[in-house]
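Q: Chain by chain, the residues:
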Amino acid sequence: MTTAKKILANGISEQEAIERAQRGDPECFEALYGLHKRRVYSLCLRMTGNTAEAEDLTQEAFLQLFRKIATFRGESAFSTWLHRLAVNVVLMHLRKKGLPEVSLEESMEPQQEDGPRKDIGTRDNVLAGSIDRVNLERAVESLPPGYRIIFVLHDVEGYEHNEIAEMMGCSIGNSKSQLHKARMKLRDLLKQSKAEKAANRR
Amino acid sequence: MLGIHTAGKTITDPPSIPGEKRAMTCAEFQKVLPYIIDGGGSEEEQEHLRSCHVCSDLVADLRYIADVAKLLLPMEDPDPRVWKAIEEKLGDEPLAKPAHRNV
Chain A
4 MTTAKKILAN GISEQEAIER AQRGDPECFE ALYGLHKRRV YSLCLRMTGN
54 TAEAEDLTQE AFLQLFRKIA TFRGESAFST WLHRLAVNVV LMHLRKKGLP
104 EVSLEESMEP QQEDGPRKDI GTRDNVLAGS IDRVNLERAV ESLPPGYRII
154 FVLHDVEGYE HNEIAEMMGC SIGNSKSQLH KARMKLRDLL KQSKAEKAAN
204 RR
Chain B
87 MLGIHTAGKT ITDPPSIPGE KRAMTCAEFQ KVLPYIIDGG GSEEEQEHLR
137 SCHVCSDLVA DLRYIADVAK LLLPMEDPDP RVWKAIEEKL GDEPLAKPAH
187 RNV
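These protein sequence lines map, in sequence, to chains A and B. Numbered according to the working numbering, the first sequence spans residues 4 to 205. Numbered according to the working numbering, the second sequence spans residues 87 to 189.
Rather than coming from a laboratory, the hints here were simulated on the basis of the structure. Please note that a few of the clues may not be correct.
[To be verified] Straight-line alpha carbon distances no greater than 27 Å define the calculated DSSO-like cross-link-like pairs of lysine-lysine that follow:
1) A:K71 to A:K100
2) A:K197 to B:K156
3) A:K197 to A:K184
4) B:K175 to A:K194
5) A:K194 to A:K184
6) B:K175 to A:K71
So that you can see chain A by itself, here it is in the shape it has in the complex:
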């Protein structure tokens, strides 16, 4: 049985594990890691698209957690507090790498296309009901990093645009614009994948 399960099987609640960890109890550090590692790692992996980086960032997020845990006062849920810490660790890492972020200038750029694209839209082309989590995961992995980050933060992790804007240092409008572009790119990727599957079945 893992340490996390043992601790909780002994009737120790997560709240108590937090309080004990705040007093330096090493088993409770480990229990908290066991409880939250999957979500933190998954967030890091989705945002970086790279296993080695995700492992390093997970490690850093938990080290920061353990260093700062004494400051956790319970104003928010512990998982929310940890999650936000992990997001900040990832964003700091991406900034150091110089990955493109949302900028004010982007919103001032003219449309890249010369004019409206003429599509014949029919009901047969809608995506509804045709994609599953696996397809979407693959498509998200293919997104450019700047789009992937916004999409993961908003649509996967559930942050609001005002929260994303604060984290990313951009405006709410830019957050919305980037999210839209991310979803449009995913739509293109998913339609392409759907068309390829249909062609292979013939």
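Given chain A's structure and the hints, the job is docking chain B onto it.
A: What follows is chain B alone, placed relative to chain A:
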């Protein structure tokens, strides 16, 4: 391409009658779509959405993608070496000595 989707006809402004408001085009609607897709939008924008199947299909697709995204679960556990690395670093810090157990 993140283009503007339209029904398959050439976009020209319909002849204007003095005093009559021109209907919103797909290009105009899709320009504001990022800011209204999660709620809001003027009556004119809502009317375009109701009357244009191309734009309504586009909105349906984007909302569907957002809905499926909510179902993406945490993917997998990190390799055990991650905890080992944390244990070692914690051992060097004046926090606590972690127990050497498998997580």
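Q: Against each hint, give a clear statement of whether it holds in the structure.
A: Going through the hints against the structure:
With a CA separation close to 25 Å, the supplied pair K71 of chain A and K100 of chain A stays within the 27 Å bound. Simply put, K197 of chain A and K156 of chain B have alpha-carbon atoms about 21 Å apart, close enough for the 27 Å limit, and the pair holds. For the hint pairing K197 of chain A with K184 of chain A, the CA-to-CA distance comes to about 20 Å; that is within 27 Å, so the pair holds. Distance restraint check for K175 of chain B and K194 of chain A: the Cα-Cα separation of roughly 46 Å exceeds the 27 Å cut-off, and the hinted pair is therefore not satisfied.
A distance of roughly 15 Å separates the Cα atoms of K194 of chain A and K184 of chain A; the hinted pair therefore holds under the 27 Å criterion. Of the supplied pair hints, the one linking K175 of chain B and K71 of chain A holds, its CA atoms being roughly 15 Å apart against a limit of 27 Å.
Hint check: a violation occurs at hint 4 only; the rest are consistent with the structure.
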